[in-house]
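Chains as they are written, first to last, in the numbering used here: chain R, 6 to 337; chain Z, 6 to 337.
If you're looking for bench data, these hints aren't it; they were derived computationally from the structure. Treat the hints loosely; a few may be bogus.
All copies of an identical chain are treated as equivalent in the list; a pair is satisfied when it fits inside any one copy or across any two copies.
As the list claims (entries may be wrong) - DSS-like mimics (lysine-lysine), calculated; alpha carbons at most 27 Å apart, straight line:
id : residue 1 : residue 2
1  : 58        : 308
2  : 248       : 40
3  : 40        : 170
4  : 291       : 248
5  : 40        : 310
6  : 310       : 274
This is what each chain is made of:
Protein chains: 2
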Amino acid sequence: MGLDQSVKPHERLAAHLDGGMQEVNTLIRERMASKHAPRIPEVTAHLVEAGGKRLRPMLVLAAADLCGYQGPWHIHLAATVEFIHTATLLHDDVVDESAQRRGKPTANLLWDNQSSVLVGDYLFARAFQLMVEPGNLRVLSILSNAAATIAEGEVLQLSAAQDLKTDESVYLQVVRGKTAALFSAATEAGGEISGADAAQVKALFDYGDALGIAFQIVDDLLDYWGDAGTTGKNIGDDFRERKLTLPVIKAVAKADPEERAFWQRTIEKGKQADGDLEEALRLLRKHDVLEATRKEALSWSNKAKSALETLPNHLVRDMLSDLADYVVARVS
Amino acid sequence: MGLDQSVKPHERLAAHLDGGMQEVNTLIRERMASKHAPRIPEVTAHLVEAGGKRLRPMLVLAAADLCGYQGPWHIHLAATVEFIHTATLLHDDVVDESAQRRGKPTANLLWDNQSSVLVGDYLFARAFQLMVEPGNLRVLSILSNAAATIAEGEVLQLSAAQDLKTDESVYLQVVRGKTAALFSAATEAGGEISGADAAQVKALFDYGDALGIAFQIVDDLLDYWGDAGTTGKNIGDDFRERKLTLPVIKAVAKADPEERAFWQRTIEKGKQADGDLEEALRLLRKHDVLEATRKEALSWSNKAKSALETLPNHLVRDMLSDLADYVVARVS
Chain R
6 MGLDQSVKPH ERLAAHLDGG MQEVNTLIRE RMASKHAPRI PEVTAHLVEA
56 GGKRLRPMLV LAAADLCGYQ GPWHIHLAAT VEFIHTATLL HDDVVDESAQ
106 RRGKPTANLL WDNQSSVLVG DYLFARAFQL MVEPGNLRVL SILSNAAATI
156 AEGEVLQLSA AQDLKTDESV YLQVVRGKTA ALFSAATEAG GEISGADAAQ
206 VKALFDYGDA LGIAFQIVDD LLDYWGDAGT TGKNIGDDFR ERKLTLPVIK
256 AVAKADPEER AFWQRTIEKG KQADGDLEEA LRLLRKHDVL EATRKEALSW
306 SNKAKSALET LPNHLVRDML SDLADYVVAR VS
Chain Z
6 MGLDQSVKPH ERLAAHLDGG MQEVNTLIRE RMASKHAPRI PEVTAHLVEA
56 GGKRLRPMLV LAAADLCGYQ GPWHIHLAAT VEFIHTATLL HDDVVDESAQ
106 RRGKPTANLL WDNQSSVLVG DYLFARAFQL MVEPGNLRVL SILSNAAATI
156 AEGEVLQLSA AQDLKTDESV YLQVVRGKTA ALFSAATEAG GEISGADAAQ
206 VKALFDYGDA LGIAFQIVDD LLDYWGDAGT TGKNIGDDFR ERKLTLPVIK
256 AVAKADPEER AFWQRTIEKG KQADGDLEEA LRLLRKHDVL EATRKEALSW
306 SNKAKSALET LPNHLVRDML SDLADYVVAR VS
C-alpha cells in the first residue's frame with residue numbers, strides 16, 4: 006500500500022508495465038490480421054480494440070516482472086491469453102445469444118453467428134501458434150490445460166445453469182472454468198517462462214485462481230446488488246436468463262417448499278412474470294445470501310493475497326495485492 | 006499394383022495399421038471423456054463413434070510407418086488430427102445449419118447449437134493437449150499452423166461462398182483450409198515425429214496437400230454429377246446452399262451476360278425457383294466444366310502420387326499411391 010489510492014490498481018499495473026503492454030498490443034494487432042480473410046480483422050478489431058482492461062495479459066507480464074524475467078517471450082504469452090479470452094467471448098455471445106457486451110453491440114449481432122464461431126476458432130488457433138513459439142513445453146502444458154478447463158467449464162455451465170440440483174461445488178467448477186482458469190494460467194505461465202522455482206509458480210497459480218474466483222463471484226453478486234450506473238450491469242439479467250449463480254444457489258439451499266416452487270418455476274421452467282425479480286430479491290434478502298456471497302468473495306480475495314506472501318518483496322507484488330482488494334471493492 | 010483390388014485402399018491401409026488404429030481409438034475414447042461435464046462424451050460419441058473412415062489419423066500412422074517410426078507418439082498425433090477434424094465438423098454443422106451428416110441427425114439438431122459450439126471448443130483444446138504431450142516443437146508448429154489455416158479457410162469460405170468474384174485461386178485457398186491443411190499436417194507430422202529428413206517430410210506434406218485438394222474437388226464435383234445412392238450426396242445440395250464451388254466458378258468464368266444474370270440471381274441473391282437446378286446443370290454441361298473439373302481432380306491425384314516417388318519403396322507407399330487413385334475413382 007502506501008501508493009496513491011486514487012489511481013486504481015489495474016491502472017497502476019498498466020502504467021508500470023506500459024512498455025510491455027504496448028508490445029502486447031502490437032503483437033495482437035499483427036496476429037489477428039489475415040492475408041486471405043478480411044472478415045477476420047473486422048470482427049476481432051471490434052472486440053480487441055473495444056477497450057477492456059487487458060487484465061489477463063497484464064497478469065502474465067506482472068508475474069514475469071515479479072520473477073525478474075528478462076527474455077522476450079512473456080509478450081507472446083500475454084497475447085495468447087488475450088486471444089483465448091477474446092475467442093471465448095465470441096463463442097459465449099453466440100451461446101448466450103447476447104446482443105450487447107461492454108455497452109456495444111456484439112459481433113454476432115453486427116455480423117452473424119457464423120462469423121463469431123469461425124473467427125473465434127481462428128483466434129484459438131492463433132493463440133496456439135503464439136504459445137508454441139517460445140518453445141517452452143511446460144508453458145504449453147499450462148496453457149493447453151487451461152484451454153480444456155475453460156471449455157469444460159462452459160459445457161458444464163450449459164447443463165448446470167438451469168438445474169436446481171447445481172450446488173456450490175459445481176458452481177466453483179464452472180467459475181474455475183469460465184474465469185479463474187485463464188487468470189491462473191496467466192500468472193502461472195508468467196512465472197514458468199521466467200524459470201521461477203516450483204513453489205513460486207504454485208503461488209502465482211494460487212493467486213490467479215483465487216483472484217479469478219473472487220472476480221466472478223463479485224460479478225454474479227452485482228447482478229442482484231449493484232445498479233447499472235456504477236457496475237454496467239442491469240439488476241436481474243442473470244435471473245431473467247435463468248442462470249443459477251451463487252446467490253440463488255445459496256437461497257435454494259435454504260428454501261422452504263413454497264420458495265423452492267418459486268425457483269423451480271422461474272429458473273428451471275423459465276416461466277417468469279412481473280414481480281418475480283422483486284420476489285427473488287426478497288428471498289435473497291430474507292436468507293441473507295447476498296451477505297454470505299459477499300463474504301465468500303472477500304475470503305477468495307484474501308486467499309489471493311495470502312498466496313502472494315511467499316513471493317519476494319516487489320513493487321508488482323504490492324500492486325497484485327491491491328488488485329485482489331480492488332476486485333472485491335465494489336462489494337466491500 | 007499387384008494387390009487385391011477388390012479391397013479398397015483405405016481398408017487395406019486400415020488393416021495394415023490395425024494395431025495402431027486400435028490404440029488411436031482407445032486414446033480418442035479416453036480423451037473425449039470429461040469428469041465434470043457428461044454432455045461432452047454424449048455429443049462427441051455421437052460423432053466420433055459414428056464411423057467415418059478415420060482417414061486423417063490413418064494418414065499420420067501411415068506416414069510414421071513409411072518412415073520407420075518406432076516410438077509411441079504417432080498415436081497421440083493421430084488422435085489430435087481426428088479431434089481437430091471432429092471439432093471442425095461440429096462447428097461446420099452450426100455454421101451451415103445442417104440437419105444431417107453421414108445420414109444421421111447432426112449434434113446441433115440432437116442437442117443444440119450451444120452444445121456443438123462448446124463441445125467443439127473442448128475438442129480443440131483436447132487436441133492441443135494431446136499434441137503437446139510428445140514434446141516435439143516442430144510437430145507443434147505444423148499442427149498449430151494447420152489449425153490456423155483451417156479456421157482461416159472457413160472464414161474465407163463464409164465471405165467467398167456467395168460472391169461471384171470468387172475465382173479459382175480463392176477456391177483453392179478455401180479448399181486448402183477446409184480439407185487439405187489437415188491431410189497435409191497429418192502426413193507431415195507423421196514424418197516429422199519419425200525424424201525423417203527435410204526432403205521426405207516435404208514430400209509427405211505435398212502428398213497430403215494434393216490428396217486433400219483432389220478429395221475436395223471430387224466432393225464438389227459429385228454434387229453436380231453423382232447420385233445419392235452411390236455417393237451419399239444429393240445432387241444440387243451445394244447449388245441450393247448457394248456454395249460457389251469449382252464447377253460453378255468455371256461456368257461463371259465462361260458465362261454470357263444472360264447466364265451471368267442467372268448465377269447472380271440463384272447464387273448471389275439466392276432467389277431460386279423450380280427448374281433452376283436443371284438450368285444450372287445445363288450450363289455446366291454446355292461449358293463442359295464438369296469434365297474440366299474432373300481433369301483438375303485427376304491432376305491433383307497425380308501430383309499426390311508424384312510426391313510419393315521420392316520416398317523409399319515401401320508397402321505403405323504403394324497403398325498411399327492407390328489411395329490417391331481411389332479418391333478420384335468415383336469420377337475416373
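Results of checking the hints against the structure:
no., hint, result
1, 58 / 308, "within (23 Å within a copy, 51 Å between copies)"
2, 248 / 40, "between (40 Å within a copy, 22 Å between copies)"
3, 40 / 170, "between (48 Å within a copy, 17 Å between copies)"
4, 291 / 248, "within (20 Å within a copy, 58 Å between copies)"
5, 40 / 310, "neither (44 Å within a copy, 30 Å between copies)"
6, 310 / 274, "neither (40 Å within a copy, 59 Å between copies)"
Hint compliance for this structure: hints 5 and 6 are broken, all remaining hints hold.
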